[in-house]
Amino acid sequence: MATIDDRNADTLGSAAGHGHDEGSYLTPRGGLITTIWDWATTVDHKKIGVMYLAAVLMMFFFGGVAALAVRTELFSPVREVPGEGITGQWLGSFLGNPDASIAENNNLYNRAFTLHGAIMVFMVIIPSVPAALGNFFLPIMIGAKDVAFPRLNLLSWYIYVTGSIFGIMSILMGGVDTGWTFYTPYSTTTDADQMRVVYMVLAAFILGFSSILTGLNFVVTTHKLRAPGMGWFDMPLFVWAVYATSILQVLATPVIGITLLLLVFERLFRVGIFDPGLGGDPVLFQHFFWFYSHPVVYVMILPGMAVINEIIPVHSHKKIFGYRSMAFASLGIAAVSFLVWGHHMFTSTGELAATVFSALTFLVAVPTAVKVFNWLGTLYKGSISMTPPMVYALMFLFLFTIGGLTGLPLATLSTDMHLHDSYFVVAHFHYVMMGGTIIAFIGGLHHWWPKMFGRMYNERAAIVFALVQFVGFNVTFFTQFILGTRGMPRRYASYVDEFQTLHQISTFGSYILAIGFTGSLAVFVHSLLAGKKAPQNPWGGLTLEWHVESPPSTHNFHKEPIVHHGPYDFDTILPPGWDPKDYPVPNAHEQAEAYAKAQHSHVGSSHH
Amino acid sequence: MTMIDPSTTLILGDAVHDYIFRRDGLGGRSMADGAASADGIFMFIFWISTAVFVPFTVLMLYWAFKYRRRPGTIAQASPSHNTMLELAWSVVPLGFFAYMFFEGFHGYMARLTSPPDAIEMHLTARKWSWTLAYPNGAETPVQQRVGAQDVPVFYVPEDKPVKFRMISQDVLHAFWVPDFRAKMDVIPNRYTSFWFKPDRLDSASTGTTDTGVKYRDHFVFCAEYCGDLHSEMAAIIRVVPEAYYHETINKWNDAVDPVELGRRQWAAKCASCHSVDGSKNTGPTWKGLYGSSREFTDGSSYTPEQMANDDFFAEYIRESILVPAKKIVAGYPNQMTPWAGQISEAQINGIIAYIKSLK
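Respectively, the protein sequence lines represent chains A and B. Heads up, the first sequence is in this note's numbering, so the first residue is 2 and it goes up one at a time. Heads up, the second sequence is in this note's numbering, so the first residue is 58 and it goes up one at a time.
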């Protein structure tokens, strides 16, 4: 059987000193300069994951500030009040132009919501789980020392940063008002004398390459680097879902790359592709755009599901219900997601083809429903610890189920004619993208934080802030469903008076949400500065990351692990590092002894 | 057309429906043919979803509490999969989904296919206004204040099918009438259409004209993002008695003096960007334009004397309407849609006369 060293010899790169036991991956190798250089040139998937995490959290902050600006502007509509003139324009005054006309004020609002959407989609949600948590945990969970192409992995991070810099440059030049969807011909004609739209489009183009390379890396890693004993159906479900995501990224992202490039060509060289003024077709852009962007909706949600797949069984101390149907549901969602892009265009031209897309869209709902029922089935007769990750997982189930069910009237043709491009859609995709993916991402962060940084956090405070987020989220977005059914269009800087009460409730909700997220950040900062040292396996997980130290050593494993049990065999396996008294599976004491002996003699993390 | 009859829903169902779709002055009722069946499908999905979601959440919380971890124990033995159960929760939802799909499909096709006797009107959209041409060629001169913007009012007869043939002069727009539960995009390079048959006025009305004629107003919103004044790009559909509708549009079509013709053009096409009271907007105000100096972004300028020369002034206004980008007044963005091919010489002359009248 191959050893770790010769298995990965060609991919170890410049990581010096391998083969020695050199402590955790976080241990500095020298002074400050050396350490920074060490991180900047690292090929260690864990450090790259942590760097993605830092970048994603920073962009989440910027996107969140833009969201608060949007909600604050919407606190009151622009209207003429007798005796006071025109009121309700907040952004102009806030940014130092109290005399802004309605058009100028709206333009600031349009830039704010574009900023929010583009940052959250391209720079936060897409890379959040796969690039940050996936990079850190996918190799460890399959028993590998690193991803298949570590240097390419580092390159992906630099491409991500380059893309983000292009985005930030565009914002510093004044930002764009195209919406994150860049619909033509608006996007090819707005600010025609300015380069900033081109920069923003190029940012999305460049970020796409980061996705493609990360996806490619994960696909190869999953195929080639699984530890001995780990067949496809022995893989943790996190790996299954990230694998399905990666396939989508590799296959769909090139399409948006081409589309965005065509858009740049049209803007710069007036080549007629989408702009009817030049002989193009604007609906063609919508087809191209959603051919990528609908699969990407699943690139965003599948990793969220991936995290929940781990949290629920570990904190319920019970085998996940329906493992195989979970794995196939991930692949099924990925496959069908390529065939539903047309449901974004039910009201574009009103063609018969829409019916095909409506039917296929309902088909996606089936594997999604299967997953939700399986998670619920896992709770039944479990042994459930109400830890912060578990609280987030239950929040996910609640919010994501609402998000999924409200997709049904959008998939139904005759009701979508009313709800399309309304606040109902806005609420629906926030329940899925934020209540789903972002909540799962933060839950995953709570689940793996002790492993990543070797520190525990204040669990009670973490739960309190999770609940604050839950309340804030529902106050913000549930109101928006009702706004939508009553007739509030999306992307409006202003609205008719009768919508004001619901808008104000929604704005208050967004402030509660901001408090909740700030609180979680404080919990993590406190953990880094003063947290208790984390044990190897605080929650009682069985997957391979819980077999290694917290935080893991540079090469993850001291010796190549051999997998002898399934990822969720909680009914027969004593969690590594746990006291047999606390967890009386059959042969618990023998397992504990065997495990201690194996650790002591560095035989590996396997036990039997 | 549909198997769901909204009138058979329970009283609680009606209250929930009316809350979900409530509009000031109209309650929650939809106001066009076919819209009630869409509401019926929506409520069917709503109640099915509730029937799934509530037990789901209750079970989740109950199990999370009941099966909470006690140290020194492990999870009770329970199956880790059950083929029959898993098949059931895949196939049963699929049955419901199939039903939703077919209902939605029927409703959609019915609402895309206009009846042959529909009155055809022509709707043109641009950044950021709507113009409606009636069958006799008249355009709406009536405006109403919504928020801080004057928006056009479109008159349609009650209980008669009306079809709008729609096109955009620039970017994408979408024509949405929430009370009719329908919208359709308005696209620059092809016609799309939107038809509706408004409910009779005796079902509800929201106002009365000076002459005692009842009418009912419905908001129109632009639902496809189109730039700065997207949220101001509204209109009102005013449902009136059929006789009053004919009388009104015939009156609008009578010959009018050029200043009034120009004012109507302004109301229908220009008011969203050009004020006539001197206030600043996306474009320069028209008040006092005749005989005032102009400075342009390319550095050139016109003197007050030039601008008071009738021929020179008329030439400048005509050019600014047809090819606005040629001369952009300093301090304003190059935003205006070119009107070449979209406006008649008589209408241009009317606008010139109207601007001259705004001292």
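In case anyone wonders, no lab produced these hints; they're calculated from the structure. Keep in mind it's a predicted model, so treat the numbers as computed, not measured. Don't be surprised by glycine CBs; every beta carbon is placed ideally from N, CA and C. Check before you lean on any hint, since a few could be wrong.
Derived CB-CB ranges, DEER-like [as the list claims (entries may be wrong)]: (1) A:Leu269 / B:Gly264: 50 to 56 Å; (2) A:Gly175 / B:Lys344: 28 to 34 Å; (3) A:Gly175 / B:Ala397: 27 to 33 Å; (4) B:Glu376 / A:Gly84: 20 to 26 Å; (5) B:Arg79 / A:Ile169: 52 to 58 Å; (6) A:Ser386 / B:Ala134: 37 to 43 Å; (7) A:Glu85 / B:Gly82: 54 to 60 Å; (8) B:Ser135 / A:Tyr159: 45 to 51 Å.
Listed next, the stretches of chain B that the computed footprint assigns to chain A, with coverage defined by at least 3 CB atoms under 8 Å from CB atoms of chain A [as the list claims (entries may be wrong)]: (9) 115-126; (10) 144-151.
Okay, derived cross-link-like pairs now, EDC-like style, lysine to aspartate or glutamate, Cα gap no bigger than 20 Å in a straight line [claimed, not checked]: (11) B:Lys384 / A:Asp192; (12) B:Lys383 / A:Glu81; (13) B:Lys220 / A:Glu352; (14) A:Lys534 / A:Asp580; (15) B:Lys337 / A:Glu352.
Results for each hint:
1. A:Leu269 / B:Gly264: 50 to 56 Å: holds, 52 Å
2. A:Gly175 / B:Lys344: 28 to 34 Å: holds, 31 Å
3. A:Gly175 / B:Ala397: 27 to 33 Å: holds, 30 Å
4. B:Glu376 / A:Gly84: 20 to 26 Å: violated, 40 Å
5. B:Arg79 / A:Ile169: 52 to 58 Å: Once the Cβ atoms are compared, 43 Å apart, the range 52 to 58 Å for A:Ile169 and B:Arg79 is violated.
6. A:Ser386 / B:Ala134: 37 to 43 Å: violated, 19 Å
7. A:Glu85 / B:Gly82: 54 to 60 Å: violated, 25 Å
8. B:Ser135 / A:Tyr159: 45 to 51 Å: About 48 Å separates the Cβ atoms of B:Ser135 and A:Tyr159, which means 45 to 51 Å holds.
9. 115-126: holds (count 8)
10. 144-151: holds (count 4)
11. B:Lys384 / A:Asp192: holds, 17 Å
12. B:Lys383 / A:Glu81: violated, 34 Å
13. B:Lys220 / A:Glu352: Answer holds: B:Lys220 to A:Glu352 is near 17 Å, not above 20 Å.
14. A:Lys534 / A:Asp580: Answer holds: A:Lys534 to A:Asp580 is near 18 Å, not above 20 Å.
15. B:Lys337 / A:Glu352: violated, 42 Å
In the structure shown, a violation is registered for the earlier hints numbered 4, 5, 6, 7, 12 and 15, in ascending order.
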